[in-house]
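Student: Residue numbers (this note's numbering), protein chains in the order written: chain B, 42 to 347; chain W, 42 to 347.
Hints are computed from structural coordinates only; laboratory data are not their basis. It is possible that some hints are incorrect.
It does not matter which identical chain is used: a pair holds within one copy or between any two.
Unchecked claim - Simulated pairs of lysine-lysine, DSS-like, Cα-Cα distance not exceeding 30 Å:
{"hint": "1", "residue 1": "K61", "residue 2": "K149"}
{"hint": "2", "residue 1": "K320", "residue 2": "K231"}
{"hint": "3", "residue 1": "K61", "residue 2": "K171"}
{"hint": "4", "residue 1": "K125", "residue 2": "K181"}
{"hint": "5", "residue 1": "K149", "residue 2": "K231"}
{"hint": "6", "residue 1": "K61", "residue 2": "K231"}
{"hint": "7", "residue 1": "K231", "residue 2": "K118"}
{"hint": "8", "residue 1": "K181", "residue 2": "K320"}
{"hint": "9", "residue 1": "K125", "residue 2": "K149"}
Number of protein chains: 2
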Amino acid sequence: MSLVVVGSVAYDGVETPHGKVPRMLGGAATYISLAASYFTPVRIVAVVGDDFAQEDVDLLASRHIDLAGMERVPGGKTFFWAGKYSDDMNDRTTLRTDLNVFADFNPKLPDSYRPEPYLLLGNIQPELQKIVRGQMPHVKLTGGDTMNYWINDFRPQLLETIREWDFLLINDSEARLLSGEYNLRRAAAKIMDMGPRTLVIKRGEYGAILFHPSGHFIAPGYLLDDVFDPTGAGDCFAGGFIGYLAGRGVAPDNGTIDARELRRAVIYGSVMGSFCCEKFGVDRFRTLTSQEIEARYQEFQDCTAF
Amino acid sequence: MSLVVVGSVAYDGVETPHGKVPRMLGGAATYISLAASYFTPVRIVAVVGDDFAQEDVDLLASRHIDLAGMERVPGGKTFFWAGKYSDDMNDRTTLRTDLNVFADFNPKLPDSYRPEPYLLLGNIQPELQKIVRGQMPHVKLTGGDTMNYWINDFRPQLLETIREWDFLLINDSEARLLSGEYNLRRAAAKIMDMGPRTLVIKRGEYGAILFHPSGHFIAPGYLLDDVFDPTGAGDCFAGGFIGYLAGRGVAPDNGTIDARELRRAVIYGSVMGSFCCEKFGVDRFRTLTSQEIEARYQEFQDCTAF
């Protein structure tokens, strides 16, 4: 069951207390796709410049990610972002944002992508997210991410867009902003009235909460010995989450997704987010194996059972 | 199996976004004892002034808490603390601290308390904590709490004291301060080398982590619809934790406490902390039943299983 992933492919410059990398592969769609690729075939929709390096194409291709939908703009430059994390890595300062070719990103789905049943819409303009979904007439499960900027300045478009989604993945501050409620239980109830019957609220190092008509599920954050670089952890969570559901062929029944599979998907999301932090950028995915993923899933079992 | 609880009994003035109460029963030993009393008989060691109201004596007595060790100082006034919580209730400002009779608290154990096997030392001067333990020759399980002030200014005395404890209950910032490590996994490893083989790190609304030689256990925070007043929640956690262990007759074997019982104790602690927040001060304990406690324990099961 193939998954279509839409979002940014970028180069990042990142500085954490563990070191500094001036330029490396990044972007939400990159992280989502790499994480999801351990569970299901992935087809990416993105835009890059002609500075996009062959070694980065090769990494994505090594995970069998379909790049037919990755547009390359001649003479253009790939989206570049640079940031620096605080000592405790709970805050980061953006040092530079060069949108480059991403400023005019107009996602085009190759014909080969249109029949696919799974769609993950990374954090881009809500109207573009809506257009992409409209181009996939056979989609069975749609969800995605958004951010404060769209919630504040594109609220009507965002509400119009997520009304059609099966699930929404956002962090706690975004959930509070979107709902106008501080309490997460109340915030979730309001957001689920906006369309998505399933909501995942990410809480960074504290894990994630799944809200579902049948009740909620609280997943812990994995206790890492060292966080090398948290960049992309939230996107890897999304990739593990949707990747697992797609790989299992899970689809909503009467608008509702199976709660047990969703709980497992949240744990696989947490597993992938935790691996992401162990090395800089996407480096962990160069060596990560399915055996390691299963072992960490078991660790989540062991540290939560009572 | 009786539990001896040592700490403050006080009057509190509390303001939260839900209201303001100028004077009500409070204090760490009060909350610990009330929470523990649902699991095991409790004997309290504390000091109050002759302003301590009969209705408050009656509340403690109604939970069968032994008050033989609650010294009443003639002409003295009971410890008074007043504070105001921020809108999100994650911060609080102390408005007033009148130590009164608590300034000279010198815990005296009635002879009837000395043979007891369980001891919970609330947050008081480390040397006093040590003296109390020294007066209980048959104690099987000892643990307690401390705070930043003792960690910073009484470090040698604190280290000397906790060296004899079976478990330590502190929050994340205290664990970082005590260990000098930001990462909680590393912090826990260092603290467990200081004596306590079991460590519980409380993370407020995010729950708690149990560290034990056999591995760690992550308990979520309960998602309340409304937090009326978080005062005493950490102490109620301690009360539920030690109360459950005492009620079950759990004692260390070769210095190590049974890990499965400890996990359940952490959940009962979380259950009691969550109830505490539902009303102002100790009000929730005026009506709370064992059936409600068991139902909430089951809710913790339901929202963590996968």
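Student: Would you mind marking each hint as holding or not holding in the structure?
Tutor: Hints, verified against the model:
1. When the C-alpha separation of K61 and K149 is checked against a cutoff of 30 Å, the pair qualifies neither within a copy, at 35 Å, nor between copies, at 58 Å.
2. Within a single copy, K320 and K231 get their C-alpha atoms only as close as 37 Å, which misses the 30 Å cut-off; across copies the closest is 25 Å, which meets it.
3. Proximity of K61 to K171 under the C-alpha cut-off of 30 Å is found in neither arrangement, the shortest distances being 37 Å within a copy and 48 Å between copies.
4. When the C-alpha separation of K125 and K181 is checked against a cutoff of 30 Å, the pair qualifies neither within a copy, at 39 Å, nor between copies, at 50 Å.
5. With identical chains, the CA atoms of K149 and K231 are never at most 30 Å apart, being 33 Å at best within one copy and 54 Å at best between copies.
6. In the homo-oligomer, the alpha carbons of K61 and K231 lie at most 30 Å apart only across protomers (29 Å), although the nearest pairing inside one protomer, at 41 Å, exceeds that limit.
7. Proximity of K231 to K118 under the C-alpha cut-off of 30 Å is found in neither arrangement, the shortest distances being 41 Å within a copy and 48 Å between copies.
8. Proximity of K181 to K320 under the C-alpha cut-off of 30 Å is found in neither arrangement, the shortest distances being 34 Å within a copy and 45 Å between copies.
9. For the identical chains of this complex, K125 and K149 are neighbours neither inside a copy (33 Å) nor across copies (55 Å), given an alpha-carbon limit of 30 Å.
Taken one by one, the earlier hints fail for this structure at numbers 1, 3, 4, 5, 7, 8 and 9, listed in ascending order.
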